[in-house]
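Asker: Spelled out from the first residue to the last, the chains are:
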Amino acid sequence: MNNLSDRQLLKELKQRLEAGKNSEKEIKDLTLELQSVSKKLKDSEALKSHFISNISNEIVNPFTSILGLSKAILSVEKHDWKKVVSMVALIHSEAFNLDFQLKNIFVAAKIEAGEIAPNIAKVNIRSLLQTVVDSFNIISRKMGISFDIQFNIEHGFGKNFYFKTDSEKLKLILSNLINNALKYSYKDSKVVISVWLDEDDVLKISVQDFGTGISEKNQQTIFERFKRLDTGINSINRGHGLGLSITKALLDVLSGDIEISSQKGEGSTFTISVPEAKNIVDGFSGEGNDIFFDEEDEIF
Amino acid sequence: MSQYLQHFLYPSSLFVSKEPFLVKTILGSCVAICLWDSRLKIGGINHYMLPHWSGNDLASPKYGNIAIDKLIDKLLFHGSRIEDLQAKIFGGGELMQTGGSRIQIGERNIRVARIMLEERKIPIVASSTGGKRGRKIIFFTDTGEVRHKLLDKKNL
Chain A
1 MNNLSDRQLL KELKQRLEAG KNSEKEIKDL TLELQSVSKK LKDSEALKSH FISNISNEIV
61 NPFTSILGLS KAILSVEKHD WKKVVSMVAL IHSEAFNLDF QLKNIFVAAK IEAGEIAPNI
121 AKVNIRSLLQ TVVDSFNIIS RKMGISFDIQ FNIEHGFGKN FYFKTDSEKL KLILSNLINN
181 ALKYSYKDSK VVISVWLDED DVLKISVQDF GTGISEKNQQ TIFERFKRLD TGINSINRGH
241 GLGLSITKAL LDVLSGDIEI SSQKGEGSTF TISVPEAKNI VDGFSGEGND IFFDEEDEIF
Chain B
1 MSQYLQHFLY PSSLFVSKEP FLVKTILGSC VAICLWDSRL KIGGINHYML PHWSGNDLAS
61 PKYGNIAIDK LIDKLLFHGS RIEDLQAKIF GGGELMQTGG SRIQIGERNI RVARIMLEER
121 KIPIVASSTG GKRGRKIIFF TDTGEVRHKL LDKKNL
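Just so you know, the sequences run in chain order A and B.
Counting in the UniProt record's numbering, the first sequence runs from 1 upward without gaps.
Counting in the UniProt record's numbering, the second sequence runs from 1 upward without gaps.
Don't take each hint at face value.
Derived coverage of chain B by chain A (criterion: at least 3 residues anywhere in the stretch with Cβ under 8 Å from a Cβ of chain A; other residues may be distant) [claimed, not checked]:
hint, region
1, 7-14
2, 45-56
3, 140-150
What follows is a list of derived Cβ distance ranges for each label pair [said to hold, decoys possible]:
hint, chain 1, residue 1, chain 2, residue 2, range
4, B, D84, A, I299, 20 to 26 Å
5, A, N218, B, L5, 28 to 34 Å
6, A, S36, B, E107, 18 to 24 Å
7, B, K132, A, S36, 50 to 56 Å
8, B, S54, A, E168, 54 to 60 Å
Calculated directly from the structure, the hints in this document are not laboratory data.
Keep in mind the model is a prediction, meaning the values are calculated, not measured.
Think of the CB as a built atom: it goes at the ideal place given N, C-alpha and C, for glycine as much as any other residue.
All chains should be built: construct the whole structure from the sequences, respecting the hints.
Answerer: The following block contains the structure:
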């Protein structure tokens with residue numbers, strides 16, 4: 001091998017030093033990246049355990065009450081039978097809540113599995129809304145909360161107003177909004193539900209309560225799953241929980257949207273917008289096979 | 001072609017079938033990945049709207065990173081081996097004129113597809129991505145064939 005001149009040697013050394021520096025920087029960057037990934041992992045682990053505690057709250061608590069109450073009924077003396085009525089009412093409200101939560105959980109699972117699609121039909125909006133509101137009657141009566149339904153759609157065919165959308169999804173969306181409104185209301189107040197069409201014939205339904213309200217800061221985060229604004233264990237009100245994130249995902253399926261307006265201490269109004277669905281999916285089914293034999297199709 | 005069962009794939013959902021299916025979907029800035037198993041002759045497809053799940057929403061296949069993993073998992077569940085899978089990716093156009101300061105959604109959707117498929121060593125055998133127009137694709141789950149058409153802007 002040739003001997004290196006001093007100059008060449010210096011150059012070589014410089015280059016190696018430079019390379020060393022570069023790789024050091026690379027390692028630093030990678031370490032940072034690793035740290036951020038591990039933080040994310042920790043977060044998701046926390047979220048998972050949060051999820052489990054949430055789910056068990058939502059399911060185990062009602063079950064415990066139902067079991068306890070029915071046991072109490074079994075041991076009621078004959079002359080005390082009047083007590084039974086109130087206990088049965090409690091059982092009903094717990095079972096109703098359980099059923100509601102389970103429906104939410106199953107829909108959430110379906111959404112997360114990517115198995116959710118709109119199922120469009122002509123829906124009688126007035127009767128759908130009435131059905132949902134009626135299902136909350138026992139609970140709202142117990143809390144002394146009345147519903148005020150303002151149906152502001154003029155329509156030709158008597159009182160009926162038909163709108164093409166997915167009735168099951170709309171029902172669950174409304175149930176969640178009403179459920180939250182009741183949860184966050186004070187006793188002896190009311191929940192106002194208004195229905196109207198905007199200038200573009202988009203269906204608007206708002207659910208307004210006069211309860212605790214949501215601060216502006218918290219309005220940003222309430223759609224996050226399992227977020228409870230008041231995280232204290234002893235908080236009187238249960239969280240918005242899964243409900244709002246499901247509501248949002250379902251509205252996505254209906255190409256709809258949701259808005260909140262709320263003032264801490266004065267109550268909240270949630271307004272959904274749902275555009276009318278088209279008859280069928282564009283160019284798919286019902287229109288013959290034209291789309292399948294398109295000559296402009298490229299084949300990959 | 002008429003003997004095919006048909007499925008319309010909505011955004012945020014995914015579809016895998018052992019039976020021969022014809023799956024149609026319409027893409028704007030969304031991306032659809034068609035995965036096909038050359039050994040079992042079965043396929044699956046997803047359709048996601050945004051690249052990454054933030055951890056706040058439901059962990060649905062609305063987000064690329066989730067949609068890709070779920071699609072692969074589902075094919076593995078149907079008996080596929082990862083080395084038999086090949087991918088075709090479509091979509092990721094920029095239909096909305098955004099200011100340009102933010103990185104464009106379509107572009108980011110495509111990027112997450114390429115990165116995740118490379119990580120999992122699934123070859124991308126065909127693609128049609130980017131541009132300013134929407135796309136209509138029809139995926140045949142048994143042959144892996146995709147029919148593809150660019151749409152006029154007004155169709156979306």
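Asker: Run every hint past the structure and note whether it holds.
Answerer: Each hint, compared with the structure:
1. Interface restraint, the region 7-14 of chain B with chain A: holds (6 residues with C-beta to C-beta distance below 8 Å; minimum three).
2. Counting residues of the region 45-56 of chain B whose CB falls under 8 Å from any CB of chain A gives 3; the rule of at least 3 is met.
3. Beta-carbon proximity to chain A at under 8 Å applies to 5 residues in the region 140-150 of chain B; the threshold of 3 is reached and the given coverage holds.
4. For the hinted restraint 20 to 26 Å between B:D84 and A:I299, the CB-CB distance of approximately 22 Å keeps it satisfied.
5. For A:N218 and B:L5, the Cβ-Cβ distance of about 47 Å falls outside the hinted range of 28 to 34 Å, so the restraint is violated.
6. The given range of 18 to 24 Å is respected by A:S36 and B:E107, whose C-beta atoms sit roughly 22 Å from each other.
7. Take B:K132 and A:S36: their Cβ atoms lie about 34 Å apart, and the range 50 to 56 Å is violated.
8. Between B:S54 and A:E168 the beta carbons are some 28 Å apart, a value that contradicts the proposed interval 54 to 60 Å.
In summary, the numbered hints that this structure violates are 5, 7, 8.
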